[in-house]
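Chemist: For this one, chain B is given, so just place chain G on it according to the hints.
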Amino acid sequence: MVVRLDEAQLNLIFPAHIRIGPDLSILSVGPSLHRLMPGARPGVRLSDQFLIERPRGAVDFAAWVRARAPLQIRALTGPIFLRGLVLADEPGFLLCVSHVVSDMAGLEASGLRMTDFSEADSSLSAILSAGVQASMIAESRELMRDLATARDDALAASQAKSAFLANMSHEIRTPLNGVVGVVGALARTDLTPAQREMVQLVVTSGQTLERLLSDILDLSKVEAGQLGLESAPFCLSSAIEDAVRLMRVRADDKGLAFGLDLGPGAGAWVIGDVVRVKQVVSNLVSNAIKFTTEGRVDVTVSVRNTRGDDLEIAVEVRDTGIGFDAEARERMFQRFAQGDGSITRRFGGTGLGLAISQALAEAMGGEIRVSSVPGSGSHFALNLTLRRGDLESEIQGQSDGAPSWLDEVSAAGRALRILLVEDHPINQQVVRLILEGQGVEITTANDGLEAVNLFQPDSFDIILMDMQMPVMDGLKATRLIREREQVEALAPVPIAMLTANAMEEHRQAAQAAGADFHISKPLTPESLIMGIEATLAAVQRVG
Amino acid sequence: MYGMIHRAARDMVRSAGGDELWDRILLQSGLKDDEFVSALAYPDETTFRLIGAVAAEMNLSLEEALGQFGRYWITFAHASSYSPLMKMAGDDLFGFCENLDRMHASIKISLPDVDVPSFRVIETGDASIRIGYLSSRAGLEPFVIGLFEGLLDHFNQTGEVTCVGPIDQGIEFLIQIKG
Chain B
0 MVVRLDEAQL NLIFPAHIRI GPDLSILSVG PSLHRLMPGA RPGVRLSDQF
50 LIERPRGAVD FAAWVRARAP LQIRALTGPI FLRGLVLADE PGFLLCVSHV
100 VSDMAGLEAS GLRMTDFSEA DSSLSAILSA GVQASMIAES RELMRDLATA
150 RDDALAASQA KSAFLANMSH EIRTPLNGVV GVVGALARTD LTPAQREMVQ
200 LVVTSGQTLE RLLSDILDLS KVEAGQLGLE SAPFCLSSAI EDAVRLMRVR
250 ADDKGLAFGL DLGPGAGAWV IGDVVRVKQV VSNLVSNAIK FTTEGRVDVT
300 VSVRNTRGDD LEIAVEVRDT GIGFDAEARE RMFQRFAQGD GSITRRFGGT
350 GLGLAISQAL AEAMGGEIRV SSVPGSGSHF ALNLTLRRGD LESEIQGQSD
400 GAPSWLDEVS AAGRALRILL VEDHPINQQV VRLILEGQGV EITTANDGLE
450 AVNLFQPDSF DIILMDMQMP VMDGLKATRL IREREQVEAL APVPIAMLTA
500 NAMEEHRQAA QAAGADFHIS KPLTPESLIM GIEATLAAVQ RVG
Chain G
0 MYGMIHRAAR DMVRSAGGDE LWDRILLQSG LKDDEFVSAL AYPDETTFRL
50 IGAVAAEMNL SLEEALGQFG RYWITFAHAS SYSPLMKMAG DDLFGFCENL
100 DRMHASIKIS LPDVDVPSFR VIETGDASIR IGYLSSRAGL EPFVIGLFEG
150 LLDHFNQTGE VTCVGPIDQG IEFLIQIKG
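Protein chains in written order, with numbering that gives the first Met the number 0: chain B, 0 to 542; chain G, 0 to 178.
The shape of chain B in the complex, shown without the other chains:
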């Protein structure tokens, strides 16, 4: 069957057709090409207007028509791109082609209109489909931009929160330092039993506040990725005994039996951050006591495995308390979350302890595993792998440890000369109260500049330097004193940075400025005296 199309029908079905003669010159074009390519007029050679992409090479049109091969041509100028078939015609060849759009960005410039496509041509639908895709890509980009902005905002807010926490730590620790320090000094005076009980209440409340503050600061460090860990030898069993000592008293107070089983290898010396290990164990035991109303709490310490110098350590805490179900287990390591809301109301607490403990365990390369049956108690296990410590050097280190300055000053026949650099009158008073009767002579400077001016060769045995002060801060004053020592070849005076800034970055800043030791506020008689001894010992060791 032969179907013949008149010109109107041909234009309707193939608006972009081209008819060429045997010499490959254009005889006529469809209305679409006529509009878009005025240069493609009768008499012009096809190759003067189009690049013939298919078939490639020399074209034998007669053979090509017989083969029914596809045709692909591209305008030499402008974005016109056509593909179709070549069909025989009389007196020439008929190229039945359709517009191809391969680049949505260039669509507008192409000048193509819907009427350039026949209704039978699905190219238009493909173009619209590509438009939908382009729209989705544009939307995805917009979404990614929004997400990136939201992420940046969240990070900025998190950093602002960390900075806020650091600042608040200073603001809270300064008055807390005053309360705890003064009360500590008060406790060392003659008191009636009733007064002693009241003082003890203040001490306990202060310690609770300090612990809460430390938890919040620890959390901010974890979130900021600034959790610095010490690495020093310590005796595992001694550390655990230390950690549970106070807890045993609390268990006694609640009428709970308390057991500590130092299993095989527990007496090993290991290298790690003893403070953080004790903090985690103390937290686990504290929780066990908190959630146990009757029965017992047992702690076992064991070295489960040894691989070379690495010891696989397990500290397990078992209790006969309320336990928890699988759902509570999912939530218990989340920050600010406890088993359920009623737990907070019944037992109190911030809900930070386990989250911090888990973060600390992970930071130390370990983990906390938990199991429980509701109503039948819980089992928490801190698993850590720690390197075996050098026992000999540690014992040697202990025997080389800082002597009490009282021995030294009595041998020297004079008091220990302290330069206290502190802007806050209450804090000045706290230090004086604590060190009263300890064989010291305290000179006070109210800011860093005063300290730098007061500092003279061999004028002080130690400087207690506050970090944040008006006029000149402790970091700058320390740097100036160190510079002067270097210029004048003076023996370095021991400097302890005395500050409420408990963040690791502040400790590092103090060290970088030239401080020998960092004593964190709030001060207690023990922490101040030990801090001074540690500072003196640090300088002696270096010397």
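All the given hints hold, so there is nothing to weed out.
Derived Cβ-Cβ restraints for the label pairs, each shown as a range:
id, chain 1, residue 1, chain 2, residue 2, range
1, G, Asp43, B, Gly42, 50 to 60 angstroms
2, B, Asp241, G, Gly29, 54 to 64 angstroms
3, G, Ala126, B, Glu118, 25 to 35 angstroms
The hints are simulated quantities; they were obtained by calculation from the structure and are not laboratory data.
Predicted model, so just to flag it, every value in this text is computed and none were measured.
Cβ coordinates follow ideal geometry from the N, Cα and C atoms, glycine included.
Modeler: This is chain G only, laid out in the frame that chain B set:
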């Protein structure tokens, strides 16, 4: 309807009253961010809830809100990545209206889940176009009027659009160009 409608509504509200107004509308409509993906189809009820909230918060009748939205739709589509496709539809109001149904038919091929309306040019005069509108949705005549008014603006024409009344299975609209 598809999410592009929701995005257009969001743009319109934000340009009129900022994020604060939009937040109130989101709250009232109960729509979430995942209901604003252009190429996804959402239940009509969701779209009507959104338009209802827009009307309530912008102190408009539902008809007024639909009319404003129709006009804004043209501006929004032209400013979007669909702009080249709008250009393809025609260089003047007459050509555009002639291709309106083809555009919607092609959209239906790209987004088969979307129920798109049909437009048919019944008659064109020197300064008027009669168009038949057929949709499975009822009550959107004010939106269609706004849409044609938006097209008049788009092609820098002034004129009047009226809803003539039912015709065949649909509704007839008349665009009269002035000046």
